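If you read the protein sequences in the order shown, they are chains A and B.
When we follow my numbering, the leftmost residue of the first sequence carries the number 1, and every step to the right adds one.
When we follow my numbering, the leftmost residue of the second sequence carries the number 1, and every step to the right adds one.
A couple of the hints might just be wrong.
As the list claims (entries may be wrong) - Taking lysine to aspartate or glutamate and the DMTMM-like style, the derived pairs with C-alpha atoms no more than 20 angstroms apart in a straight line are:
hint, chain 1, residue 1, chain 2, residue 2
1, B, LYS58, A, ASP314
2, B, LYS19, B, GLU40
3, A, LYS160, B, GLU66
4, A, LYS175, B, GLU115
5, A, LYS175, B, GLU66
6, B, LYS124, B, GLU166
7, B, LYS58, A, GLU188
8, A, LYS293, A, ASP317
9, B, LYS106, B, ASP155
10, B, LYS163, B, ASP146
11, B, LYS58, A, GLU484
12, B, LYS58, A, GLU309
13, A, LYS481, A, ASP467
14, B, LYS163, B, GLU109
15, B, LYS58, A, ASP221
16, B, LYS84, B, GLU147
17, A, LYS565, A, ASP314
18, B, LYS58, A, GLU488
19, A, LYS579, B, GLU66
20, A, LYS579, B, GLU51
21, A, LYS175, B, GLU128
22, B, LYS110, B, GLU166
23, A, LYS469, A, GLU458
24, A, LYS39, A, ASP523
25, B, LYS58, A, GLU366
26, A, LYS490, A, GLU458
27, A, LYS113, A, GLU90
28, A, LYS530, A, GLU446
29, A, LYS175, A, GLU128
30, A, LYS160, A, ASP40
31, A, LYS346, A, ASP221
It should be emphasised that the hints constitute simulated quantities derived from the structure, not laboratory data.
These figures come from a predicted structure and were not determined experimentally.
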Amino acid sequence: MEMVNITINGQSLSVPQDYTILQAARQAGIDIPTLCYLKDINEIGACRMCLVEVKGARTLVTACVYPVNEGMEVFTNTARVRKARKAVLELMLSNHNRNCLTCVRNRNCELQKLAEELNVTEIPYEGEYTPSVVDDFSPSIVRDNSKCILCRRCVAVCKKIQTVGVIDATERGFKTKIGSSFDKSLNETDCAMCGQCIAICPVGALHEKDGLTPVWNALADETKHVVVQTAPAVRAALGEEFGLPIGTPVTGKMAAALKMLGFDKVFDTDFAADLTIMEEGTELINRIKEGGKLPLITSCSPGWVKFCEHNFPDFLDNLSSAKSPHEMYGAVLKSYYAEKAGIDPKDIYVVSVMPCTAKKFEAQREELSGTGYPDVDAVITTRELAKMIKEAGIEFNKLEDAVFDSPFGDEATGAGVIFGATGGVMEAALRTVSEVLTGKTFDEVEYEAVRGTEGIKEATVTIGDLDVKVAVAHGLGNARKLLESIREGKANYHFIEIMGCPGGCVTGGGQPIQPAKLQAEIDLKAERAKALYAEDRALTYRKSHDNPYIKKIYEEYLGEPCGHKSHKLLHTHYHERPKY
Amino acid sequence: MLNAQQTVAFNGTKEQEAKLMEVINRYKDTKGALIPVLHEAQGIYGYLPVEVQAIISKNLNVTMAEIYGVVTFYTQFTTEPKGKYHIGVCLGTACYVKGSGAILDKIREKLGMPEGSNSTPDGKFSIEATRCIGACGLAPVLTVNDEVYGKLTVDDVDKILAKYSE
Numbered sequence: 001m002e003m004v005n006i007t008i009n010g011q012s013l014s015v016p017q018d019y020t021i022l023q024a025a026r027q028a029g030i031d032i033p034t035l036c037y038l039k040d041i042n043e044i045g046a047c048r049m050c051l052v053e054v055k056g057a058r059t060l061v062t063a064c065v066y067p068v069n070e071g072m073e074v075f076t077n078t079a080r081v082r083k084a085r086k087a088v089l090e091l092m093l094s095n096h097n098r099n100c101l102t103c104v105r106n107r108n109c110e111l112q113k114l115a116e117e118l119n120v121t122e123i124p125y126e127g128e129y130t131p132s133v134v135d136d137f138s139p140s141i142v143r144d145n146s147k148c149i150l151c152r153r154c155v156a157v158c159k160k161i162q163t164v165g166v167i168d169a170t171e172r173g174f175k176t177k178i179g180s181s182f183d184k185s186l187n188e189t190d191c192a193m194c195g196q197c198i199a200i201c202p203v204g205a206l207h208e209k210d211g212l213t214p215v216w217n218a219l220a221d222e223t224k225h226v227v228v229q230t231a232p233a234v235r236a237a238l239g240e241e242f243g244l245p246i247g248t249p250v251t252g253k254m255a256a257a258l259k260m261l262g263f264d265k266v267f268d269t270d271f272a273a274d275l276t277i278m279e280e281g282t283e284l285i286n287r288i289k290e291g292g293k294l295p296l297i298t299s300c301s302p303g304w305v306k307f308c309e310h311n312f313p314d315f316l317d318n319l320s321s322a323k324s325p326h327e328m329y330g331a332v333l334k335s336y337y338a339e340k341a342g343i344d345p346k347d348i349y350v351v352s353v354m355p356c357t358a359k360k361f362e363a364q365r366e367e368l369s370g371t372g373y374p375d376v377d378a379v380i381t382t383r384e385l386a387k388m389i390k391e392a393g394i395e396f397n398k399l400e401d402a403v404f405d406s407p408f409g410d411e412a413t414g415a416g417v418i419f420g421a422t423g424g425v426m427e428a429a430l431r432t433v434s435e436v437l438t439g440k441t442f443d444e445v446e447y448e449a450v451r452g453t454e455g456i457k458e459a460t461v462t463i464g465d466l467d468v469k470v471a472v473a474h475g476l477g478n479a480r481k482l483l484e485s486i487r488e489g490k491a492n493y494h495f496i497e498i499m500g501c502p503g504g505c506v507t508g509g510g511q512p513i514q515p516a517k518l519q520a521e522i523d524l525k526a527e528r529a530k531a532l533y534a535e536d537r538a539l540t541y542r543k544s545h546d547n548p549y550i551k552k553i554y555e556e557y558l559g560e561p562c563g564h565k566s567h568k569l570l571h572t573h574y575h576e577r578p579k580y
Numbered sequence: 001m002l003n004a005q006q007t008v009a010f011n012g013t014k015e016q017e018a019k020l021m022e023v024i025n026r027y028k029d030t031k032g033a034l035i036p037v038l039h040e041a042q043g044i045y046g047y048l049p050v051e052v053q054a055i056i057s058k059n060l061n062v063t064m065a066e067i068y069g070v071v072t073f074y075t076q077f078t079t080e081p082k083g084k085y086h087i088g089v090c091l092g093t094a095c096y097v098k099g100s101g102a103i104l105d106k107i108r109e110k111l112g113m114p115e116g117s118n119s120t121p122d123g124k125f126s127i128e129a130t131r132c133i134g135a136c137g138l139a140p141v142l143t144v145n146d147e148v149y150g151k152l153t154v155d156d157v158d159k160i161l162a163k164y165s166e
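If we strip away everything but chain A, and leave its shape as in the complex, we get (with noise of 0.2 angstroms):
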């Protein structure tokens, strides 16, 4: 790449061609705010915060769009810049919803932080503020446009990441607002509840729906026993809520901080992904062996799978019957445990902490109740669990360790862990598949071919004298993208695992915010999935068919995978939903 010559407030740098102001200016460590620039997914100048004056040019640039030339000479802390930004903000926060103290992002929003970088002390503009509504039909994902500044962050990570495009900025001028087709709610729409939209969004206008009140009310009521479970990527995240450096694992934080809240029992979400392995890998089994349809196609990713409902209704009966882990947990926890603790499984309330907003959508669908009540009664995201904590004054870093609660929990698997980053439950299974298959033992449980953040990953993994060909994609487009190639005949594979969040449960729609500018420097999915690949490494057990109490479950209760007790419990169907 040929390279400029620039300067920035005096500063010489040589930087290549094609950068922008912007991408200069970062190199340089010079600052520029921004509020609706992502790089690569939103680079459309909208919001005027990253003016910069450029020698010469008539008016004021933005610095995220503007690309650099030989000679330019730029400076980025003039009165005239300060001022000019500051009034973008002003004219930005006067149309602002402005209960901050009472918001749902206070203290993690960057329109707040801009107010406060840019010393804005108060607002001169006083007047009408745009009409707006809040949608909260979705069982997942509520939107407050009051909030919404218009940056388009989710209207570009919904149409170009994930290729749902459920959201655009309709109407114009003053009224112009983020909304869908005829203004429907997102419940009515072909939205996967992914919440990408949440995790991009820098102030309070998308937020997950409250799951908090059903469960503080649970927690009061002395009649129920109320079961939490924790999915894997949760151990990986929460610490952030708390100041701990991204990729802290706090599984034993975590686990102390929820029998301090109450819950009756503390269990682990990676029994149940051992489950899901047992089920999924038999599953996968049996079609190899009995010419079953293939590709497999796993299941776990409730986004991905309401996306696959809407969008390839050709590939449902490719899905994995298997219900997603947790899922599989409730419908244990109210027969099999139920049984055991001799609880009426009326009187058990399960609670399922997870990185995921469409695990709310998932845990109403009716299909899942194998025994009668519904499989899991409240999802929360990781971010709730955080306020959880707050609310009941823990101080969670002091916590000392503790482990999560027996019969199920205290002896996780690795493979249970790895299930929460992209490619985790391929290798998961692949650790299982393999033995069973074989009927061998093997050392080398590590499939680095399926790990790390690439879009789509292949690989083909030898199975005694059969070549099983797989294919991991995580991110909706990434997963249309996969399957279109399959549709057309250009590819066909044996086994997908398919994530809806890119990145997988790491960075799912209910995990930790980080701002945008932060996501820029450091790759949030790698950060946090080396948190769930240490805890692997460092498990006695890392194969979901070692786990003693996954061996004891089939013995004692469900009798083989795939058997008629699990069918009962542990599978379900799926069907096609409307795109338009």
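Chain A is fixed; fit chain B onto it per the hints.
Below, chain B alone, put in the same frame as chain A:
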């Protein structure tokens, strides 16, 4: 507003759909096809209801939300059919100062148009707030189809509407 309702039921014909498909196929591989297709679609159907937008979305591979965004951005596009009697109330500066806003409200109220909708459920009347129609000397002014009524007061509304009771 949540859920913009369509007040008039869609009754597009097979012929109209075939025409629309012909238009879509003509533009399919052109960049920026959406606006010309919407233009011609409105020519075919007279308006752009959700059913028509869905056909365009499916075949042009543009999301429903994006199409709705474009349709609501440009005032020339409408999601409601023109009624048998299409009323235009001028909200140009002169007419507005002379009270055409109140006339518009009165007509909507008289015809029982639901909030957010610009037509009556029976499809007989539709209404539009127009920009200046160049008859400032007659302000405030309104049109019903090709008929022009000027120098109006709110009290004239009943009389005018009575002419279109058929």
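To see whether the hints hold, each was checked on the structure:
About 17 angstroms separates the Cα atoms of LYS58 (chain B) and ASP314 (chain A), which keeps this hinted pair within 20 angstroms; it holds. The hinted pair formed by LYS19 (chain B) and GLU40 (chain B) meets the criterion: a straight-line CA distance of about 9 angstroms does not exceed 20 angstroms. Between LYS160 (chain A) and GLU66 (chain B) the CA atoms are separated by roughly 12 angstroms; this keeps the pair inside 20 angstroms, and the hint holds. At most 20 angstroms may separate the alpha-carbon atoms for a hinted pair to count; LYS175 (chain A) and GLU115 (chain B) meet this at roughly 16 angstroms.
Between LYS175 (chain A) and GLU66 (chain B), the direct Cα distance comes to roughly 16 angstroms. Compliance with the 20 angstroms bound is thereby established for this hinted pair. Proposed proximity of LYS124 (chain B) and GLU166 (chain B) is supported: the alpha carbons are some 9 angstroms apart, at most 20 angstroms. A C-alpha spacing of about 17 angstroms is found between LYS58 (chain B) and GLU188 (chain A), which places the hinted pair at or below 20 angstroms, so the restraint holds. At roughly 7 angstroms between alpha-carbon atoms, LYS293 (chain A) and ASP317 (chain A) fall within 20 angstroms of each other, so this suggested pair holds.
For the suggested pair LYS106 (chain B) and ASP155 (chain B), the alpha carbons sit about 9 angstroms apart, so the restraint of at most 20 angstroms is met. Pair hint LYS163 (chain B) plus ASP146 (chain B) holds up; C-alpha atoms about 14 angstroms apart against a cutoff of 20 angstroms. For a cut-off of 20 angstroms, the pair hint linking LYS58 (chain B) to GLU484 (chain A) stands: about 16 angstroms separates their Cα positions. As the CA atoms of LYS58 (chain B) and GLU309 (chain A) are separated by approximately 16 angstroms, the hinted pair is consistent with the 20 angstroms bound.
Distance restraint check for LYS481 (chain A) and ASP467 (chain A): the Cα-Cα separation of roughly 23 angstroms exceeds the 20 angstroms cut-off, and the hinted pair is therefore not satisfied. Among the hinted pairs, LYS163 (chain B) with GLU109 (chain B) is consistent with the structure: their alpha-carbon atoms are about 17 angstroms apart, no more than 20 angstroms. A hinted pair counts as satisfied when its Cα atoms are at most 20 angstroms apart, and LYS58 (chain B) with ASP221 (chain A) does not qualify at roughly 50 angstroms. Our distance criterion of 20 angstroms between C-alpha atoms is met by LYS84 (chain B) and GLU147 (chain B), whose separation comes to about 13 angstroms.
Taken as a hint, the LYS565 (chain A) and ASP314 (chain A) pair is broken in the structure, with Cα atoms around 28 angstroms apart against an allowance of 20 angstroms. With a CA separation close to 18 angstroms, the supplied pair LYS58 (chain B) and GLU488 (chain A) stays within the 20 angstroms bound. Under the criterion of a C-alpha separation no larger than 20 angstroms, the hint pairing LYS579 (chain A) with GLU66 (chain B) is consistent with the structure, at around 14 angstroms. The hinted pair formed by LYS579 (chain A) and GLU51 (chain B) meets the criterion: a straight-line CA distance of about 12 angstroms does not exceed 20 angstroms.
A distance of roughly 18 angstroms separates the Cα atoms of LYS175 (chain A) and GLU128 (chain B); the hinted pair therefore holds under the 20 angstroms criterion. With a C-alpha separation of about 16 angstroms, the suggested pair LYS110 (chain B) and GLU166 (chain B) falls inside the 20 angstroms cut-off, and the hint holds. The straight-line distance between the Cα atoms of LYS469 (chain A) and GLU458 (chain A) is roughly 8 angstroms, inside the 20 angstroms bound, and the hint therefore holds. In summary, the hint linking LYS39 (chain A) to ASP523 (chain A) is supported, as the alpha carbons are separated by about 12 angstroms, within the 20 angstroms threshold.
Taken as a hint, the LYS58 (chain B) and GLU366 (chain A) pair is broken in the structure, with Cα atoms around 30 angstroms apart against an allowance of 20 angstroms. Restraint check for LYS490 (chain A) and GLU458 (chain A): the C-alpha separation of about 14 angstroms stays at or below 20 angstroms, so the hint holds. Distance restraint check for LYS113 (chain A) and GLU90 (chain A): the Cα-Cα separation of roughly 13 angstroms lies within the 20 angstroms cut-off, and the hinted pair is therefore satisfied. Taking the CA atoms of LYS530 (chain A) and GLU446 (chain A), the gap is near 14 angstroms; set against the 20 angstroms cutoff, the hint holds.
A threshold of 20 angstroms between alpha carbons decides the hint, and for LYS175 (chain A) with GLU128 (chain A) the separation of about 11 angstroms falls inside it, so the pair holds. For the hint pairing LYS160 (chain A) with ASP40 (chain A), the CA-to-CA distance comes to about 10 angstroms; that is within 20 angstroms, so the pair holds. This hinted pair checks out: LYS346 (chain A) and ASP221 (chain A) have alpha carbons roughly 13 angstroms apart, not beyond 20 angstroms.
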